[in-house]
Amino acid sequence: QVQLVESGGGVVQAGGSLRLSCAASGSTFNIALMGWFRQAPGKERELVARIDVSGGTNYADSVKGRFTISMDNAKKTVHLQMNSLKPEDTSVYYCNAWATTSGNHWGQGTQVTVSS
Numbered sequence: 050q051v052q053l054v055e056s057g058g059g060v061v062q063a064g065g066s067l068r069l070s071c072a073a074s075g076s077t078f079n080i081a082l083m084g085w086f087r088q089a090p091g092k093e094r095e096l097v098a099r100i101d102v103s104g105g106t107n108y109a110d111s112v113k114g115r116f117t118i119s120m121d122n123a124k125k126t127v128h129l130q131m132n133s134l135k136p137e138d139t140s141v142y143y144c145n146a147w148a149t150t151s152g153n154h155w156g157q158g159t160q161v162t163v164s165s
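Counting in the numbering used here, the sequence shown tops out at residue 165, every number present.
Among the hints, erroneous ones may be present.
[Said to hold, decoys possible] Computed list of lysine-lysine pairs in BS3-like fashion (alpha-carbon distance at most 27 Å, straight line):
#, residue 1, residue 2
1, K113, K92
2, K113, K135
3, K92, K135
4, K124, K113
5, K125, K113
[Said to hold, decoys possible] Label pairs and their computed distance ranges (CB to CB):
#, residue 1, residue 2, range
6, L96, Q160, 12 to 20 Å
7, A123, S165, 36 to 44 Å
8, S151, R94, 16 to 24 Å
9, A63, V102, 33 to 41 Å
10, A89, K124, 28 to 36 Å
11, E93, G152, 17 to 25 Å
12, F78, D110, 27 to 35 Å
13, K92, N153, 14 to 22 Å
These aren't lab readings, by the way, just hints derived from the structure by calculation.
Ideal Cβ placement from N, Cα and C applies to all residues, glycine included.
Can you make the complete structure from the sequences, with help from the hints?
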């Protein structure tokens, strides 16, 4: 199994920045993808950004140019640098890891609140 521990959420004013981090532990050797999803109240969970072990990335259109995902492959740690934050970025952000042998794994979530 894979355990994910997130850090870095908080409250920030619009236009500000936050950096989220997620560290994987346990059976991490089969992790192929890591990423971040978010879920606002009353809405479905959506992909924010994802990165594979080769460094390939993809982003939601709403965050392109503002958010940057990176991964320390050796440590199986993923970061999400969020700049130019908007009130609509307010959500609970969940770290995700997909392992070839055990499928999807989720962190407990961290709240990001952007005030206008």
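Practice item. Enumerate the violated hints, using their earlier numbering and listing them in ascending order. Key: none
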